[in-house]
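Novice: Spelled out from the first residue to the last, the chains are:
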Amino acid sequence: MKLYCLSGHPTLPCNVLKFKSTTIMLDCGLDMTSTLNFLPLPLVQSPRLSNLPGWSLKDGNAFLDKELKECSGHVFVDSVPEFCLPETELIDLSTVDVILISNYHCMMALPYITEHTGFTGTVYATEPTVQIGRLLMEELVNFIERVPKAQSASLWKNKDIQRLLPSPLKDAVEVSTWRRCYTMQEVNSALSKIQLVGYSQKIELFGAVQVTPLSSGYALGSSNWIIQSHYEKVSYVSGSSLLTTHPQPMDQASLKNSDVLVLTGLTQIPTANPDGMVGEFCSNLALTVRNGGNVLVPCYPSGVIYDLLECLYQYIDSAGLSSVPLYFISPVANSSLEFSQIFAEWLCHNKQSKVYLPEPPFPHAELIQTNKLKHYPSIHGDFSNDFRQPCVVFTGHPSLRFGDVVHFMELWGKSSLNTVIFTEPDFSYLEALAPYQPLAMKCIYCPIDTRLNFIQVSKLLKEVQPLHVVCPEQYTQPPPAQSHRMDLMIDCQPPAMSYRRAEVLALPFKRRYEKIEIMPELADSLVPMEIKPGISLATVSAVLHTKDNKHLLQPPPRPAQPTSGKKRKRVSDDVPDCKVLKPLLSGSIPVEQFVQTLEKQHGFSDIKVEDTAKGHIVLLQEAETLIQIEEDSTHIICDNDEMLRVRLRDLVLKFLQKF
Amino acid sequence: MPEIRVTPLGAGQDVGRSCILVSIAGKNVMLDCGMHMGFNDDRRFPDFSYITQNGRLTDFLDCVIISHFHLDHCGALPYFSEMVGYDGPIYMTHPTQAICPILLEDYRKIAVDKKGEANFFTSQMIKDCMKKVVAVHLHQTVQVDDELEIKAYYAGHVLGAAMFQIKVGSESVVYTGDYNMTPDRHLGAAWIDKCRPNLLITESTYATTIRDSKRCRERDFLKKVHETVERGGKVLIPVFALGRAQELCILLETFWERMNLKVPIYFSTGLTEKANHYYKLFIPWTNQKIRKTFVQRNMFEFKHIKAFDRAFADNPGPMVVFATPGMLHAGQSLQIFRKWAGNEKNMVIMPGYCVQGTVGHKILSGQRKLEMEGRQLEVKMQVEYMSFSAHADAKGIMQLVGQAEPESVLLVHGEAKKMEFLKQKIEQELRVNCYMPANGETVTLPTSPSIPVGISLGLLKREMAQGLLPEAKKPRLLHGTLIMKDSNFRLVSSEQALKELGLAEHQLRFTCRVHLHDTRKEQETALRVYSHLKSVLKDHCVQHLPDGSVTVESVLLQAAAPSEDPGTKVLLVSWTYQDEELGSFLTSLLKKGLPQAPS
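So the protein sequences, as listed, match chains A and B.
The first sequence runs 313 to 971 under my numbering.
The second sequence runs 11 to 609 under my numbering.
Among the clues, some could well be false.
With a straight-line Cα cutoff of 30 Å, these simulated DSSO-like cross-link-like pairs (lysine-lysine) come out [to be verified]:
1) 505/A to 302/B
2) 862/A to 290/B
3) 859/A to 471/B
4) 509/B to 827/A
5) 894/A to 272/B
6) 495/B to 514/A
7) 862/A to 142/B
8) 302/B to 844/A
9) 332/A to 471/B
10) 514/A to 142/B
11) 894/A to 37/B
12) 234/B to 684/A
13) 302/B to 862/A
14) 233/B to 379/B
15) 666/A to 509/B
16) 141/B to 666/A
17) 686/A to 290/B
18) 471/B to 314/A
19) 822/A to 509/B
20) 330/A to 471/B
Computed footprint of chain A on chain B; a stretch qualifies when at least three of its residues, placed anywhere within it, have a C-beta under 8 Å from a C-beta of chain A [what the hints assert, rightly or not]:
21) 37 to 46
22) 143 to 152
23) 290 to 299
24) 359 to 367
25) 519 to 531
For the record, the hints were derived by calculation from the structure and aren't laboratory data.
Here the structure is a predicted model, which means the values were calculated and not measured.
Just so it is clear, CB atoms sit at the ideal spot from N, CA and C, and this is done for glycine as well.
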């Protein structure tokens, strides 16, 4: 059993598990932090961005000034943003049988894998994961395609040139494999390969392995996966949460008794408490709006935004902000709000019971009805007519490199009345802001990451007791910025096995057993005997049938009836055909008793017993027969007298146990 | 011999009060708990005393499963759980759990408030009963206990309707509930995988019908409604609040829009408005098309259909009214029917099946003079029947049986005569045993479940490797020892079994002296023995070793010359107990002597 690690990003994993005869890809995360190295894509022509100076080497050589621009001491690539794909060379991806998706954030690389590697298998995911994943992809494609960029930079990727660049460009990994965004056509084709599954559904793969998604509590339809055969169990934990937000709670019990637990997707901000962050979010928002400023919340179109809207629903009236408009701008804003209301079965208990009334599970329905929340596909069109300030705008993309958020950064960045509040933890807010410097607007960092923290992980591991833990190397040491915090790493026994990008791990377990079915007719014919108290044995001779990786034992064929008839019998007809195996023997022969039985029941009167170094020799003098009896062996040496031999044989067998 | 037993308490050769007891591998499961629309006395509920005379139902039943929210499948549930007494788990899908208590409350109101029945279940009992419900997802494997598991499949029919697989070890039963094999305007078609159950229990409402195309029926329906309102008549469509109602609403809504009609369409009772909300919130349970387009336009928001007020029934001029219940046995639909029945301009369209004893059934069977509350009522309005029930027809039932590939089929929820026809069809065309027990009659099916054990990978791989050899045309035998410790069964090689139990193997060996008349040297004797055996034992490995001895498999033969008689040679044949048959055969073969050498 092997684990091929294709992604180095701990929260956007992509691993391939080889288990029995199957090849299973676990998640398909796309590392988008690479886009931070690029200039933002403005929706409307931005004089500031287009007039940034080109970057030149220290010696004044400016041959890269078309590709690289400088802004407040940082250098950016002036090109269509590109993403860092999972490793595609480590393993032949066309051999992947299935891809298991754990949540909608971890499927963003799917089109690259399913459309360009010869992949012919099936992808498994829950319905909300697929629907919301589709929205995220649609938004991404829309953001990138609606601002066509003529320029595509590639010179800087040259290894010899990259060396000369300033950080972080110099240290960016695998830049040659960075790719542009996929198209909607590729998205549709990729998504058509998905088969929908429900929590606790047992899915058979080729009869060899069973996979089951379990609720992970992190997002709508998010799941952990169990991959098991009858005797081995691997748990794949990715993006789980124990906090009560909107999704169904995490199923922990089913993770018990794993041989190996692969642990990915822990919180990216282990020191921040999500509840506290939500409080800070609300108070900063109120403060800004009261002072007449606008609030910008860069966000994904699904997920935490539902919780933020629910908080604001309760908060705005008490804070006297009910007249402040909330705008949600995304090409998929409407779909996201609508979809959130129809997945009652995937929600926490409270929200589920609302549907039984029947009422929409999320209160943003009421915010929309009362016109407090308005949603638009983009800043163009209706929005410009309705736009009132001060206001709160939720829009993407959280990297601040594309999407409508770029426009608001340019629009509001110059005034200190305005505030941008970062709630998504995926991007460093300082790096995200770098191309907008110098900036007068206030920046508040309230990352809300509900995924497991290290205290919860250690509790979880104690609870479910896996034999081995496998995790990204980042989790086996404290975060680089807080190297003294020994509590910010995984602590378990035996120590977790760690992996990094492009590594192959041999997982530490040996398969010893396989399930086999015994046909009832065969089972009836077995004769068990008790060897020790509570332990019985039975010898089995049967025909093995194997089909579709399932094994079945059938009764042996009946010995063919001697063909009566005129046909002349040949010697070879008597040859024992199908070798009927004799049981193994065990035990030892009590010599005295053996001799007594020979005398009393078989009428031998001339028996002589001799002692030898290892045992005894019993002599039947007249019959010229000799029986060597030792602790673990008996040897009968006789003339060709079959009757006598069989009698002696059966007597010996009487004293022995048969297996 | 293990067996599966099935006893219908209701829906055996009948439609109504569905309730089927299944015993499988020592587990008892009750499928559905319905009421009968055709009766108002004790017979309206299943006879639960059949399960146990004295003793709590909870001790006898491992779980109860409700297939969908129609009252003939869940109407007796509060009576069963709260008045007879059952505290175990009740499984149903989320939409069923949401909608079922509303229909039960509606049913209770009609029975108690309108008909004044005493000793009926109360609102509180409905609530207490629903607390025992565990909601299941489609395709989720629900572990009822360590051995019993259930799994729901999509059934179409109504929102949230499901088929259930009940499984213990390798034995399983599938219960279809009511289902529909063709997608309609708001629901998808039932689907099940090739799960090969021991028994498939299927409904058979339309056992003898093969329905014409849906499109024709829809066109017919629209034409009749249109003609009636054109000539100023009123159209009454008795429906159940959820199900066909939504489908017919979608149909009329789109027709009204297309034809730009202004005649009012009403929907009786607030219940249906609420019902439409459920459809909006449970969009994933509707058909593909609605799921795809709901963001742009939610099909369950109707523009032309308005809420009905009782006073509207006396308004002059044409109108279309959807009113509950669907079989004209009580409530608003019956009231409107009485008001409109006397006018031949009006029309009543029965869009679904009607149970015997209901007014719906009477008028559909041609009765035009009815006695109601002591008064004669002459039915002059036109009576039309349009099969819009979302039940599978004969073709659909055969199709489902083909999909699931069961060993046997059992028919419920249908009329005996029709069942008989379908039973023959299934037995002849699909060559599958088919049963159709009446209520209280038990069908027993013997099963032969195989026994799962763990085989050591070493033993299995050794056998499978040999199975791949080209010579292995004959069935090969696998030999091993089954170690049984508590409930843990493991099949290992006999050597491993001895080792695990700390036992030494006892070698039993035989050496037989066979006397041969042969004057030649012992080496030549050995060679003669070799060629003789080689010719006789074609399928065995016979070898002549350099030291002069001969082996047949692992039996060793050595020629020796006893000093006293040069004309005789002694052949020592030595074998272990494992080669007993072969050794014994060889000694008796050689005793007959060697064939004359072809010199």
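Novice: Looking back at the hints listed earlier, which ones does the structure fail to meet?
Specialist: Numbers 2, 5, 7, 8, 11, 12, 13, 15, 21 and 24, in rising order.
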